[in-house]
Amino acid sequence: MATQGNLPIIVSRIGIIGAGVSGLAVAKQLSHYNPIVFEATNSIGGVWRHCSYRCTKLQSQTWNYEFSDFPWPKRESIDYPSHAEILEYLHTYVVHFDLFKYVMFNTKVVEMKFVRDKEGFDFGRLPNDHGNPLPGRPVWELSVQTNESDAIQRYHFEFVVVCTGKYGDIPLMPTFPCNKGPEVFKGKVLHTIDYCKLDKEATNDLVKGKKVVVVGYKKSAIDLAMECAQANQGPEGQPCTMVIRSLHWTLPHYRMWGIPFFMFYATRSAQFLHHTPNQGLLKSLLCLLLSPMRLVISKFIESYLLWKLPLEKYGLKPEHPFEEDFASCQIAITPESFFNEADKGKIIFKRASKWCFWNGGIEFDDNTKIDADVVLLATGYDGKKKLKTILPEPFSSLLEYPTGIMPLYRGTVHPSIPNMAFVGYVESVSNLYTSEIRSMWLAGLIDNKFKLPSAEKMLSQTIKDMETMKKSTRFYKRNCITTFGINHNDEINENLGWHTWRKKNFIKEAFTPYTAGDYKKKD
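When we follow our numbering, the leftmost residue of the sequence shown carries the number 1, and every step to the right adds one.
Simulated from the structure, these hints should not be mistaken for laboratory data.
Every residue, glycine too, gets a C-beta built ideally from N, C-alpha and C.
Among the hints, a few may not be true.
[To be verified] Here are the simulated BS3-like pairs of lysine-lysine, each with C-alpha atoms no more than 30 Å apart in a straight line:
id: 1; residue 1: Lys350; residue 2: Lys186
id: 2; residue 1: Lys457; residue 2: Lys477
id: 3; residue 1: Lys166; residue 2: Lys108
id: 4; residue 1: Lys471; residue 2: Lys354
id: 5; residue 1: Lys385; residue 2: Lys180
id: 6; residue 1: Lys522; residue 2: Lys503
id: 7; residue 1: Lys385; residue 2: Lys457
id: 8; residue 1: Lys464; residue 2: Lys521
id: 9; residue 1: Lys208; residue 2: Lys186
id: 10; residue 1: Lys57; residue 2: Lys210
id: 11; residue 1: Lys451; residue 2: Lys521
id: 12; residue 1: Lys313; residue 2: Lys218
id: 13; residue 1: Lys101; residue 2: Lys74
id: 14; residue 1: Lys520; residue 2: Lys57
id: 15; residue 1: Lys180; residue 2: Lys386
id: 16; residue 1: Lys388; residue 2: Lys197
id: 17; residue 1: Lys113; residue 2: Lys384
id: 18; residue 1: Lys283; residue 2: Lys504
id: 19; residue 1: Lys74; residue 2: Lys503
id: 20; residue 1: Lys317; residue 2: Lys166
id: 21; residue 1: Lys388; residue 2: Lys470
id: 22; residue 1: Lys57; residue 2: Lys350
id: 23; residue 1: Lys388; residue 2: Lys166
id: 24; residue 1: Lys449; residue 2: Lys113
id: 25; residue 1: Lys219; residue 2: Lys308
id: 26; residue 1: Lys208; residue 2: Lys188
id: 27; residue 1: Lys451; residue 2: Lys470
[Unchecked claim] Here are the simulated distance ranges between beta carbons:
id: 28; residue 1: Arg255; residue 2: Pro235; range: 34 to 40 Å
id: 29; residue 1: Asp69; residue 2: Asp366; range: 54 to 60 Å
id: 30; residue 1: Arg255; residue 2: Asn42; range: 35 to 41 Å
id: 31; residue 1: Lys113; residue 2: Lys186; range: 45 to 51 Å
id: 32; residue 1: Arg255; residue 2: Arg351; range: 27 to 33 Å
id: 33; residue 1: Pro453; residue 2: Lys108; range: 32 to 38 Å
id: 34; residue 1: Leu286; residue 2: Glu201; range: 56 to 62 Å
id: 35; residue 1: Glu201; residue 2: Asn278; range: 51 to 57 Å
id: 36; residue 1: Ser31; residue 2: Lys200; range: 34 to 40 Å
id: 37; residue 1: Thr175; residue 2: Pro453; range: 39 to 45 Å
id: 38; residue 1: Asn204; residue 2: Lys470; range: 39 to 45 Å
id: 39; residue 1: Ser454; residue 2: Pro292; range: 36 to 42 Å
Sequences are here, hints too, so could you generate the full structure?
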């Protein structure tokens with residue numbers, strides 16, 4: 001051990017920050033290196049533990065949200081699993097693969113330093129290559145605070161994997177003109193991250209019999225409005241008002257006019273209709289010729305949603321095609337009785353591009369006002385700020401490309417940040433197995449099964465990925481690979497020396513969905 005001050009510096013090879021879904025996947029794939037996993041809280045699970053409500057459920061079927069080598073146990077209910085069931089599944093996974101021994105709970109990484117020999121390393125230019133992922137000497141120093149104590153323990157690692165995710169910890173708060181913010185409001189204002197910290201009794205006391213306003217219309221806002229409506233049943237109950245700036249398509253389930261949803265987007269034949277980052281001239285021409293088919297599919301799904309859900313009745317029909325929401329990972333499943341609560345008057349919808357506070361509630365840009373006792377902000381999280389609080393310069397300034405998205409080669413490695421990986425920052429229909437397969441790729445890289453290309457080539461590839469995402473949707477704000485996820489995984493398989501076609505025959509390859517089980521490692 002090296003020493004610094006009164007505390008010795010602990011030296012290890014691989015450090016992992018975060019014990020959510022991504023951190024657990026990485027820990028399992030790199031378990032042969034005995035990694036140290038830093039978890040700031042007292043439990044595993046990430047957002048499933050700390051950013052969920054009582055009514056929060058999985059957004060997909062269990063077969064589409066499981067580890068490749070650890071299928072879900074048989075369930076009696078056909079409903080989507082609750083967040084409590086997901087936490088139980090993750091706990092069972094960790095116990096089965098003996099991962100708890102790597103996790104240090106209540107350990108918060110408060111600072112990172114680049115301690116590699118800087119000779120020959122130019123911070124102003126892209127490195128020629130990332131060299132050996134495990135060079136045999138420390139590259140990063142992590143300062144860790146345990147149980148909010150004053151003592152700081154320092155660790156040296158050859159490689160660090162960041163799995164803190166984009167959600168939780170730092171709320172994304174709206175800004176207001178002077179004297180138009182929460183300070184003038186006489187009621188209570190909470191972001192969803194604070195609401196999630198309350199127990200059942202406290203949340204019930206907060207919203208029951210109160211005029212509640214929920215700001216937002218994505219999954220967390222929908223679940224929150226549903227929870228408020230359930231707490232306000234009966235004649236004494238007050239309605240919950242949802243303030244909606246941007247409309248997005250929502251799904252009641254995953255069958256459209258009797259056809260499984262995966263047939264439209266999650267098979268190899270379906271993704272053949274969409275642009276891919278490295279497509280040749282022939283594929284580009286085919287995508288152009290088949291573009292009417294993509295429009296037909298989108299209209300087909302929209303027709304079902306407009307028939308099944310009262311979107312037009314409540315002014316909730318988006319103007320953009322369904323495909324653009326899917327391509328930007330913004331699809332939410334509405335709770336089964338969500339619109340029943342709207343029909344009973346327990347949920348009210350208010351469209352508004354701008355709003356602010358007054359002492360009695362919310363005021364809109366058309367000068368109308370609504371009374372409120374409680375305002376709940378489902379306005380998202382600032383994932384980049386969370387990273388920038390621990391990553392030192394000049395690396396923190398490299399996190400955001402001009403497009404607004406962090407450039408990650410294979411969705412994992414930043415071309416300009418050496419000996420570090422980011423897992424859990426690429427989204428798809430199933431974020432669990434999206435993270436797991438990138439953990440497998442990372443393990444292959446660290447095990448020297450393949451070498452990274454030059455930083456320039458990696459950056460060029462990430463730009464192609466970003467351009468493909470940008471072409472597919474106007475809501476280009478995140479690393480979302482839903483329309484070319486199979487192609488993305490094919491490239492990972494090629495790096496690992498695996499077959500890209502994972503099914504047993506051509507029919508299954510073309511027309512059945514790809515799931516985590518298709519990417520199970522062959523021992």
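For each hint, the structure was consulted:
1. For the proposed pair lysine 350 and lysine 186, the alpha carbon gap of about 21 Å is at most 30 Å, so the pair holds.
2. Simply put, lysine 457 and lysine 477 have alpha-carbon atoms about 23 Å apart, close enough for the 30 Å limit, and the pair holds.
3. With a CA separation close to 16 Å, the supplied pair lysine 166 and lysine 108 stays within the 30 Å bound.
4. Taking the CA atoms of lysine 471 and lysine 354, the gap is about 28 Å. The hint holds against a cut of 30 Å.
5. Using a Cα cut-off of 30 Å, the hinted pair lysine 385 and lysine 180 holds, with the two alpha carbons roughly 25 Å apart.
6. A distance of roughly 14 Å separates the Cα atoms of lysine 522 and lysine 503; the hinted pair therefore holds under the 30 Å criterion.
7. For the proposed pair lysine 385 and lysine 457, the alpha carbon gap of about 27 Å is at most 30 Å, so the pair holds.
8. Taken as a hint, the lysine 464 and lysine 521 pair is honoured in the structure, with Cα atoms around 28 Å apart against an allowance of 30 Å.
9. Straight-line distance between C-alpha atoms of lysine 208 and lysine 186 comes to about 18 Å, which keeps the hinted pair within the 30 Å bound.
10. Pair hint lysine 57 plus lysine 210 holds up; C-alpha atoms about 25 Å apart against a cutoff of 30 Å.
11. As the CA atoms of lysine 451 and lysine 521 are separated by approximately 20 Å, the hinted pair is consistent with the 30 Å bound.
12. At roughly 19 Å between alpha-carbon atoms, lysine 313 and lysine 218 fall within 30 Å of each other, so this suggested pair holds.
13. Taking the CA atoms of lysine 101 and lysine 74, the gap is near 28 Å; set against the 30 Å cutoff, the hint holds.
14. As the CA atoms of lysine 520 and lysine 57 are separated by approximately 26 Å, the hinted pair is consistent with the 30 Å bound.
15. Pair hint lysine 180 plus lysine 386 holds up; C-alpha atoms about 27 Å apart against a cutoff of 30 Å.
16. At roughly 24 Å between alpha-carbon atoms, lysine 388 and lysine 197 fall within 30 Å of each other, so this suggested pair holds.
17. Distance hint between lysine 113 and lysine 384 is fulfilled; the C-alpha atoms sit about 18 Å from each other, no more than 30 Å.
18. With a C-alpha separation of about 25 Å, the suggested pairing of lysine 283 with lysine 504 holds against the 30 Å cut-off.
19. Distance restraint check for lysine 74 and lysine 503: the Cα-Cα separation of roughly 24 Å lies within the 30 Å cut-off, and the hinted pair is therefore satisfied.
20. A C-alpha spacing of about 28 Å is found between lysine 317 and lysine 166, which places the hinted pair at or below 30 Å, so the restraint holds.
21. For the suggested pair lysine 388 and lysine 470, the alpha carbons sit about 24 Å apart, so the restraint of at most 30 Å is met.
22. Of the supplied pair hints, the one linking lysine 57 and lysine 350 holds, its CA atoms being roughly 25 Å apart against a limit of 30 Å.
23. Between the alpha carbons of lysine 388 and lysine 166 the distance comes to roughly 12 Å, so the proposed pair stays at or under 30 Å and holds.
24. Taken as a hint, the lysine 449 and lysine 113 pair is honoured in the structure, with Cα atoms around 28 Å apart against an allowance of 30 Å.
25. For the hint pairing lysine 219 with lysine 308, the CA-to-CA distance comes to about 19 Å; that is within 30 Å, so the pair holds.
26. Proximity of lysine 208 to lysine 188 is assessed by CA-CA distance (about 13 Å); at most 30 Å being required, the pair is judged to hold.
27. Proximity of lysine 451 to lysine 470 is assessed by CA-CA distance (about 29 Å); at most 30 Å being required, the pair is judged to hold.
28. Distance hint check: the CB atoms of arginine 255 and proline 235 are about 37 Å apart, consistent with the given range 34 to 40 Å.
29. Distance hint check: the CB atoms of aspartate 69 and aspartate 366 are about 55 Å apart, consistent with the given range 54 to 60 Å.
30. The hinted window of 35 to 41 Å between arginine 255 and asparagine 42 holds, with their beta carbons roughly 40 Å apart.
31. For lysine 113 and lysine 186, the Cβ-Cβ distance of about 46 Å falls inside the hinted range of 45 to 51 Å, so the restraint holds.
32. Roughly 29 Å separates the CB atoms of arginine 255 and arginine 351, a value that falls within the hinted 27 to 33 Å.
33. Judged by the Cβ atoms, the range 32 to 38 Å given for proline 453 and lysine 108 holds: they are separated by roughly 35 Å.
34. The hinted range of 56 to 62 Å is satisfied by leucine 286 and glutamate 201, whose Cβ atoms lie roughly 58 Å apart.
35. Checked against the hint of 51 to 57 Å, the pair glutamate 201 and asparagine 278 passes, with Cβ atoms roughly 54 Å apart.
36. In this structure the supplied range 34 to 40 Å holds for serine 31 paired with lysine 200, their Cβ-Cβ distance being about 36 Å.
37. Roughly 41 Å separates the CB atoms of threonine 175 and proline 453, a value that falls within the hinted 39 to 45 Å.
38. Distance hint check: the CB atoms of asparagine 204 and lysine 470 are about 44 Å apart, consistent with the given range 39 to 45 Å.
39. Judged by the Cβ atoms, the range 36 to 42 Å given for serine 454 and proline 292 holds: they are separated by roughly 40 Å.
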